[in-house]
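Trainee: One letter stands for each residue in the lines below.
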Amino acid sequence: MKILVCISNVPDTTTKVKFVESDTKLDTAGIQWVINPWDELSLTRALELKDDASAGVKSVTVAHVGPATAEPTIRKALAIGADDAFRVNAEPADSYYVAAQLAEVIGREQYDLILCGIESSDYNGSMTGGMIAEFLGIPSVSAVSDIKIENGAPIVIRETDGGREVVSVPMPFVVIVQKGIAKEPRIASMRGIMTARTKPVRIYEPSAKEPLTRITVFEKPSPRAACKFIDPENPGQLIALLQNEAKVI
Amino acid sequence: MSVLVYAQNWDGKFKKSSFELVSYGSKVAEMLNTSLICLSIGTVSDEELKKLGNYGAGKIIRVNNEFCKILDNQVYTDIIAQVALKEEASVIIISNNTEGKAVAPRLSVRLKAGMASGVSKLPLSIAPFTVYKRTYSGNAFAHLVINTDIKIITLAQNSFSLIETPNNAGIEDMSVSIDSSLLKTVIKDTQKQTGRLLLTDAEIVVSGGRGMKSPDNWGPLVELASVLGAATACSRPVSDEGWRSHEEHTGQTGKVIAPNLYIAVGISGATQHLAGVSSSKYIVAINTDKDAPIFEVAQYGIVGDALRVLPKLVEAVKELKK
Ligand SMILES: Cc1cc2nc3c(=O)[nH]c(=O)nc-3n(C[C@H](O)[C@H](O)[C@H](O)COP(=O)(O)OP(=O)(O)OC[C@H]3O[C@@H](n4cnc5c(N)ncnc54)[C@H](O)[C@@H]3O)c2cc1C
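Quick note, the sequences are listed as chains A and B, same order. Residue numbering for the first sequence follows our numbering, starting at 5 and increasing by one per position. Residue numbering for the second sequence follows our numbering, starting at 36 and increasing by one per position.
Hints in this document: simulated from the structure, not taken from any laboratory. Misleading hints may appear alongside valid ones.
[Said to hold, decoys possible] Here are the computed lysine to any residue pairs in the SDA-like style, where the Cα-Cα straight-line distance is at most 20 Å:
#1 B:LYS353 x A:ALA59
#2 B:LYS325 x B:LYS353
#3 A:LYS232 x B:ASP324
#4 B:LYS353 x A:THR164
#5 A:LYS22 x B:LYS316
#6 A:LYS213 x B:THR183
#7 B:LYS316 x A:ALA250
#8 B:LYS353 x A:VAL205
#9 B:LYS219 x A:ILE159
#10 B:LYS51 x A:THR164
[Unchecked claim] Sample of chain A residues at the chain B side, in silico, Cβ under 7 Å:
#11 VAL21
#12 GLU138
#13 PHE139
#14 PRO143
#15 GLY167
#16 PRO174
#17 PRO176
#18 TYR208
#19 PRO210
#20 ILE219
#21 THR220
#22 PHE222
#23 ARG228
#24 CYS231
[As the list claims (entries may be wrong)] From the derived model, a few chain A residues whose C-beta atoms are all more than 10 Å from chain B:
#25 LYS20
#26 GLN36
#27 LYS54
For each residue, glycine too, the CB sits at the ideal point set by N, CA and C.
Please build the complete structure, drawing on both the sequences and the hints.
Mentor: Printed below as a string of structure tokens:
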């Protein structure tokens, strides 16, 4: 079984984002780039499955659409333990464009399980995984919090609004992962960092595809009113404010 | 031309969020000078469907066949796509909840329709079609232009108020033909939470962090939630430690919620936590540290020990509800 983990390259989650060029572009000065938290967890789960000989996972490949500046993030994924990687050398214009590029390569290279995070912490799209599946005409299971391989076949748990289901679908399919898929992200060992340098990263030029959407400007959320402090000895005052001023209870 | 809302049901029933979606759809239809069609998939009674008419649906389409008993993303995509094409929908509106996230992206590819997810306002303009969507986990919002003839929007939960515009909408049972080979999802087991208010549906949420000190201290927090009719939530370390269930974890890597009132108790307010709660209309913080970042986003704050403050709040709410 060949597993593909799609990774997004995002600003560290503590970043206070700022914009430049009349708020049309992210100010990348000083930003620390990391593997999107969900993708880090799905990579971890893929590697755990590979470690378990009975699961029969032959390889874990990492996929990314982005310019060469994303290379350190890809190397980090290799250092954590992925076997190889490919990068489509293009600006990730929108989810549709990214999914179209990934689907093109996946169609050629043939993977059995394709893991995507439920969202990327930059554009909060929640789209790439489902789009890849539709481009390839294969099933997708969303909001997956666990994946196991039983007798060579994947069994996943998907979270629903108000419960969970144990689901099976025939491979190949796209797994869209969320919380629970792995406990802690795996970190790179010294040896991992050394071997990552020589692991293969295939670089493909993009195929001709058009994005369907375009961001024209970014806005910061409107500042909230300053905090009103209430005497801790008289918290009943808070309840009165919530009722009469905020009118939320 | 039309605007199509896909109204998900839960065991044959709609929720308040379904009516918010229909209210939103009705306003978008008004902006486009066209009518609103609501699609329901699965077994839903006429009486329940009629409720969609109260929020502006001009027509209600029900698709119910043997293939839609369980959520198979390919089957549901196929149904919505067929209805959208038949009704010449120019905008398709779906909730940004678990089911919406599963289906809408597939639909986007299927119809080659540009999609915006997590939209929280009415379109900013019709030409070009521009929407307002969450980015950078709530640290920014983007104006996003959709360039295609058909547009797909997923609406952030609790971002739009109900608007009653009674319409005596007719119900049409539409038969769509589904290629049976599409249905590949097999459900082997189902666990349902029953009788509990879902975190994502709740209008008031009381949430505890590491400042609660021990899992044994949750009694007054749960009681406060109960007297307020609120759901309970927690920060990530709390669920990682197993103090509270994973369903309650809010934030970047947990649930994203937007209640009217979020009460954060013993939570410092880390960026990753705020990513899940910053769209709450009001935030109340209770924390011993007056410099905790949570007070920067809160409108009301109490600097004090949660374990002493919570019981007093419970009493005050009980007094109020008398
Ligand atoms: C990639 C990534 C993703 C993450 N995702 C999430 C996420 O989704 N959700 C999330 O919550 N976190 C997330 N985190 C963790 C986040 O950075 C913080 O560590 C976490 O939110 C802190 O939780 P806390 O506020 O409960 O605990 P702390 O930061 O330890 O804060 C406890 C607070 O309680 C106060 N306190 C102490 N005693 C009392 C008392 N007696 N009464 C009242 N107040 C008291 C303290 O003053 C302090 O402010 C993530 C981190 C990373 C790196």
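Trainee: Now look at each hint and say whether the structure bears it out.
Mentor: Against the structure, the hints come out as follows:
1. Under the criterion of a C-alpha separation no larger than 20 Å, the hint pairing LYS353 (chain B) with ALA59 (chain A) is inconsistent with the structure, at around 55 Å.
2. As the CA atoms of LYS325 (chain B) and LYS353 (chain B) are separated by approximately 28 Å, the hinted pair breaks the 20 Å bound.
3. A hinted pair counts as satisfied when its Cα atoms are at most 20 Å apart, and LYS232 (chain A) with ASP324 (chain B) qualifies at roughly 15 Å.
4. Distance hint between LYS353 (chain B) and THR164 (chain A) is unfulfilled; the C-alpha atoms sit about 34 Å from each other, more than 20 Å.
5. This hinted pair does not check out: LYS22 (chain A) and LYS316 (chain B) have alpha carbons roughly 23 Å apart, beyond 20 Å.
6. For the suggested pair LYS213 (chain A) and THR183 (chain B), the alpha carbons sit about 14 Å apart, so the restraint of at most 20 Å is met.
7. A hinted pair counts as satisfied when its Cα atoms are at most 20 Å apart, and LYS316 (chain B) with ALA250 (chain A) qualifies at roughly 9 Å.
8. A hinted pair counts as satisfied when its Cα atoms are at most 20 Å apart, and LYS353 (chain B) with VAL205 (chain A) does not qualify at roughly 63 Å.
9. Restraint check: the Cα-Cα separation between LYS219 (chain B) and ILE159 (chain A) comes to about 13 Å, which is no more than 20 Å; the hinted pair holds.
10. Distance check on the hinted pair: LYS51 (chain B) and THR164 (chain A) sit about 17 Å apart at the alpha-carbon level, within 20 Å; holds.
11. Taking 7 Å as the C-beta contact cut-off toward chain B, the hint placing VAL21 (chain A) at the interface holds, the least distance being around 5 Å.
12. Taking 7 Å as the C-beta contact cut-off toward chain B, the hint placing GLU138 (chain A) at the interface holds, the least distance being around 4 Å.
13. Annotation: interface hint on PHE139 (chain A) holds; nearest CB of chain B at approximately 6 Å, less than 7 Å.
14. The closest approach between the C-beta of PRO143 (chain A) and any C-beta of chain B is roughly 5 Å, which is under the 7 Å cut-off, so the hint is satisfied.
15. For GLY167 (chain A), the shortest C-beta to C-beta distance to chain B is roughly 4 Å, which falls under 7 Å, so the interface hint holds.
16. For PRO174 (chain A), the suggested interface contact is upheld, since its CB lies about 6 Å from the closest CB of chain B, less than 7 Å.
17. Taking 7 Å as the C-beta contact cut-off toward chain B, the hint placing PRO176 (chain A) at the interface is violated, the least distance being around 11 Å.
18. With its C-beta approaching chain B no nearer than about 20 Å, TYR208 (chain A) sits outside the 7 Å limit, and its interface hint is violated.
19. About 17 Å separates the beta-carbon of PRO210 (chain A) from the nearest beta-carbon of chain B, more than 7 Å, and the hint is not met.
20. Among the interface hints, the one on ILE219 (chain A) holds; its C-beta lies about 5 Å from the nearest C-beta in chain B, closer than the 7 Å criterion.
21. Hint status for THR220 (chain A): holds, given a least beta-carbon distance of 5 Å to chain B, under 7 Å.
22. For PHE222 (chain A), the suggested interface contact is upheld, since its CB lies about 5 Å from the closest CB of chain B, less than 7 Å.
23. Hint status for ARG228 (chain A) relative to chain B: holds, with the closest Cβ pair at about 6 Å, below 7 Å.
24. Because the beta carbon of CYS231 (chain A) sits about 5 Å from the nearest beta carbon in chain B, less than 7 Å, this interface hint is met.
25. With a closest Cβ-Cβ approach of about 7 Å to chain B, LYS20 (chain A) is found to fall inside the 10 Å limit, against its non-interface label.
26. Even its closest Cβ contact with chain B, about 13 Å, leaves GLN36 (chain A) beyond 10 Å, as expected for a residue assigned away from the interface.
27. No Cβ of chain B comes within 10 Å of the Cβ of LYS54 (chain A); the nearest lies about 23 Å off, and the non-interface call holds.
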